[in-house]
Structures are given as structure tokens and as C-alpha cells.
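Colleague: All chains, please: the whole structure from these sequences, using the hints.
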Amino acid sequence: MTAQTPSTLASVVTLASVTLKRVTRGKALWVGAAIALLPILYGNAVHLTRHTATPGEIFVLLRPLLALLPAMFISASIGEDIEDRTSAYLWSRPIARWAIIAGKLVALVPVITVLIVGSWLSAVAGGTGALPSLASSAALIAACIATSLVAAAIAVLVPKHGMALTIGYLLLDNFFGALPLSLAQLSLTHQAHELAQLGDPAVIKPAIALAAIAAAWTAIGLARIRRLEV
Amino acid sequence: MTTDIVVAERCSKWYGHVLGVSDVSWRLTGGIVGLLGPNGAGKSTLMKMMGGLLEPSRGALAVYDGSPFRDLAVRRRIGYAPEHEQTWDELTALELVTAMARLAGVPRGTAGRAAKDALAQMGMASAMHRRVRGFSKGMRQRTKLATALVHDPDLLLLDEPLTGVDPAARADIVDRIKQLGAAGKTVIVSSHVLYEIEALTTDILVIYRGQVLAEGNVYEIRQLIDRRPHRIRVECDQPRALASTLAREAHVARLGFERGSVLIETTDPDRCYDQLAEAVLDTGIAVTALSSLDNNLGAVFEYLTGEGGRR
Chain A
1 MTAQTPSTLA SVVTLASVTL KRVTRGKALW VGAAIALLPI LYGNAVHLTR
51 HTATPGEIFV LLRPLLALLP AMFISASIGE DIEDRTSAYL WSRPIARWAI
101 IAGKLVALVP VITVLIVGSW LSAVAGGTGA LPSLASSAAL IAACIATSLV
151 AAAIAVLVPK HGMALTIGYL LLDNFFGALP LSLAQLSLTH QAHELAQLGD
201 PAVIKPAIAL AAIAAAWTAI GLARIRRLEV
Chain B
1001 MTTDIVVAER CSKWYGHVLG VSDVSWRLTG GIVGLLGPNG AGKSTLMKMM
1051 GGLLEPSRGA LAVYDGSPFR DLAVRRRIGY APEHEQTWDE LTALELVTAM
1101 ARLAGVPRGT AGRAAKDALA QMGMASAMHR RVRGFSKGMR QRTKLATALV
1151 HDPDLLLLDE PLTGVDPAAR ADIVDRIKQL GAAGKTVIVS SHVLYEIEAL
1201 TTDILVIYRG QVLAEGNVYE IRQLIDRRPH RIRVECDQPR ALASTLAREA
1251 HVARLGFERG SVLIETTDPD RCYDQLAEAV LDTGIAVTAL SSLDNNLGAV
1301 FEYLTGEGGR R
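So the protein lines, in turn, are chains A and B. All the letters of the first sequence, read from the start, carry residue numbers 1 to 230 under the working numbering. All the letters of the second sequence, read from the start, carry residue numbers 1001 to 1311 under the working numbering.
Just so you know, the hints here were simulated from the structure itself, not pulled from any lab data. A hint or two may mislead.
Unchecked claim - Calculated pairs, EDC-like style, for lysine to aspartate or glutamate (alpha carbon to alpha carbon, straight line, at most 20 Å):
| # | chain 1 | residue 1 | chain 2 | residue 2 |
| --- | --- | --- | --- | --- |
| 1 | B | Lys1137 | A | Asp84 |
| 2 | A | Lys160 | A | Glu229 |
| 3 | A | Lys21 | B | Glu1090 |
| 4 | B | Lys1116 | B | Asp1089 |
| 5 | A | Lys27 | B | Asp1089 |
| 6 | A | Lys160 | B | Glu1085 |
| 7 | A | Lys21 | B | Asp1089 |
| 8 | A | Lys27 | B | Glu1090 |
Modeller: Shown next as C-alpha cells:
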């Protein structure tokens, strides 16, 4: 027998490559791209009619994308594998289960990030005539990673309805994040907004909060995937 | 010295309140073994536990002296083909099998070659560059088997590998499994069809309602079955006349009548069939249908359960 237990890195790379092939050959990428066009269209439309739009206004439109795209790509991918039982092929291989989720994240987080940050850059540039700050783009990248981790955890917890529940949770997160309450501190999108320096200019506190919320969901997801059965 | 490849000791698995397998104790030292049982008997649960997908709720199950659920080195030695056909339809067969080879630890430089060989062995050489989405059920089965054997595992777990394949493909797959057994691989094949298992091996494990009902040579199991009366239904124009020709035979345990047919319980089916043929020729009775009610596994399992079960 020539096979050896594969390294975690090799497994993650293989899974990422497979995931990327699947997503580029499916419809989700085109639907995601169409959704990401909406803020760009808004920014340009405002610029044509009012001659100005603020980054804050465009960020409000971008926040739903942080719910929709991770759900469409990550929750759907993980949920389908578990529900369709294609995960049986992977779980019977000599690889850790967390590496399977990591492989999907490595492939899909860049796709989500490119769509959301690309939409942000184009919408702000079109709406204001200037590129947004580096901090705001960095904050959106952090938010993409954080919401993707939440989407993965929800899909592991409830594979059958992972996509719908992720959208629901992140839309609620948007809603509570916009409220002037202490509850907003638990909102990923609120923390991303703060990190983007579109509100309070503090950076450390929202960065830590964003990481902590994502880490809590990741821990829940990892604990569940170890015991999950198909 | 023989080494145990699979050892199950009082192994049970529940899905919530639903029992998958119950108190299974079993040792496997090698060869091709047929796991036989009706749908829902617990075959797939046992396969999944051996493949590392499920962990026993109670008891222990070891493969190559380790836990397939926890030990990656054990899973490296296993090739598992699940019962269901769903797979990653967006990929070509070659991409799918190559990825499975890589995930089983085949080095990058040889994974493509190994995948091509595995697909060729399963008769999929001409279709390996096509996407799985367009495959027939038989082609999916072959591709699935290629994913199981691409990394040259020591133990193959094939869950219902002959379901949905045409007769030619079935013969190919049976030959290939036999070759693997002859090459020293241990192969566990599950099925709910007795003749499928008989075509592959004489060693069987009969599982029913989550429990091991019988284990050993298929002929021993058949003898066990043959000790019980065998039921034959003959549909004809004169059921009572036909019954009277057989009534005094010692092998006939019971005669019954249904609408337009006679139901015979016999302890010697071969002799009964011969005498039926003679009776029809002698009397001119017109027989429209003849069926054995015991050629289905359900009846076989009922017999074994009636015997008091485990051997």
C-alpha cells in the first residue's frame, strides 16, 4: 500500500481545490455576483441623481450581503454535504473533520470577500468619486471571515436548514446591530461598522469583539462536527 | 497465526431511541464476507461503524486493533463505498477519484495515475473525463467503487455495491471483487439479495433487526433453512385434484387451498417439484403459475428467527 496518512495541509488544499471547482461550475457564483452588484448600482444611481453619497449610506446596503453571501456559499456547501451524505466519502478518509470545514472556508472565504469588498470599493468609488478608506476595507475583510465562520458553525449545527438559519441569524444581527442598545455589542455587523471607523473611531475594541463572537461560534461548530453522524 | 481485522464486542448503536445494531459480537480474520440482511436490518450501520463514520453507543468495535472513528491510521487502511449514490456531481469522474486518492494519502505525483487505474479497473476508462452529473446509476456505482479502492486499501467496505447495476456491470463488479479477495484484500460486501452474496463468497454474516442471526458458510445457512418446511403455491384449474396426488407423500407437511391454487408445505422441495411435474403430466391438470414463497430473504430471516437464531 503506497498511501500514507495525508498531512492536514495537503487535505485542506485538496478540499479547497475541489470546493472551488464545484462553486465555479455551479449557479451560486453568478447569483452571488448579481447580489453584489446591487450596492454598486445604488452608489452610481445616487451619484447620478444627487451627485453625492456617503460611505455610511453604502455600508448600510452592504450589511445584508454579509448575511446572504456566507449563507449562500458556506452554509449551503456544508449543509448539502451533510444532508446529501456526500460527507460520508470524506469522513471515511484519514483526515480530521475540522480539516474538511477548513478546506471549504479556505476556498469560499476569498470568493465571498472578493464579492463584498469588490462591491464596497466599486460602490463607494461610484457614489462618492473617491475610494473608501483602507480601514473600512480591512474591516469588511474581517467581517467576511467572521460571518463565514458563523455560517459554517450554523450549517454544522443544523445542516438541513443551515442556509435559511444563517440568513435569519445574520439579518437579526444586522437589525440588533443598528439599535442604540448594549445588545448591539453582540452584533458582528455592528462591530464591523465600528471597525471600519464609520462610527466611533476606536479599533481595538470592535476588533476583539468581532474575533470573540466568531471564535465562540467556531468553538461550537468544532465541538459539534466531532460528534456529528451521517 | 491469524490476526483479527475486525473485532466487535457487544457493540450496539442507537439513533436516539431507534436501534441500529444491538449487542453484536463478531470477529473477522480476512477474505470476502457477505453481510446479508433485509433493508433496515442494521447492515449499513455496521458498515458505517467499521468505516469510522459512526461510533458505537455501547460496546467496542476495533479495526486493525484501533478505533476507526478516532484513529486516522486505521481509516487509511479502509476503503468505504457508501450505499447512496449522491456524490459531487460538478466534478468529472477522474477529478472525483483523484481528490479521494489525495484525501486518502496517495502522493500528489501518483494520485492521478492511481485514479485512472481505479476507474479503468471499474470499466470507466472511456467516461472518466465526463462529469458525474450525467452518469447512469450503474456508472455512479462503478465510480463510487473506484473511490473506495483508489488508495489500495487493505479492507474494503462495500455497502450494496450491486444495487441498480445492469447484468453485465454486475458480472464485472463481482469479478473485480473476487480478484481483490484473491489478491489478499479483506472485503465486506452488504446486500439484501442472497444470490448476489452467493456469487461473491460462501462466508456470510446474517443480520436481522440489528442482531447477528447467523454466521458461517452459506451452505450451512441453507441447510438450516432447509430444515424448515418450504412453501410452494401452484395455481391451476384443479387444485384439489393436484393436492390429492401429493397428500400421501411423507415430505408434504401440510396442504392448503387459496382461490384457484394449492399451497404445499414440503420438507423436500426438490422431490416435491419432481412429483408436481409428474402429476401434471399424468393427470393433464393445467398449471398457470408456480411460485416458491420462500425465495425471498424475508422468509429466510423468519425461519432463522424461528430457529432460535444465533449460531
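Colleague: Run the distance test for A:Lys21 versus B:Asp1089: straight-line Cα separation, threshold 20 Å.
Modeller: 11 Å, holds
Colleague: B:Lys1137 and A:Asp84 were given as a pair; does the straight-line alpha-carbon distance stay at or below 20 Å?
Modeller: The given pair, whose Cα atoms are some 16 Å apart, holds under the 20 Å limit.
Colleague: For the pair we were handed, B:Lys1116 and B:Asp1089, check the Cα-Cα distance against 20 Å.
Modeller: Given that 20 Å is the threshold and the Cα spacing comes to 18 Å, the pair holds.
Colleague: Hey, A:Lys27 versus B:Asp1089, does the alpha-carbon distance stay inside 20 Å?
Modeller: With a Cα-Cα distance of about 13 Å, the restraint between A:Lys27 and B:Asp1089 holds, given a limit of 20 Å.
Colleague: Hey, A:Lys160 versus A:Glu229, does the alpha-carbon distance stay inside 20 Å?
Modeller: Since the Cα atoms of A:Lys160 and A:Glu229 sit roughly 13 Å apart, the hinted pair holds (cutoff 20 Å).
Colleague: Does A:Lys27 pair with B:Glu1090 here, judged by a C-alpha cut-off of 20 Å?
Modeller: 11 Å, holds
Colleague: For the pair we were handed, A:Lys21 and B:Glu1090, check the Cα-Cα distance against 20 Å.
Modeller: 8 Å, holds
Colleague: Tell me if the straight-line CA distance from A:Lys160 to B:Glu1085 falls inside 20 Å.
Modeller: Holds, because 19 Å separates the two Cα atoms, which is no more than 20 Å.
Checked against the numbered hints given earlier, this structure breaks none of them.
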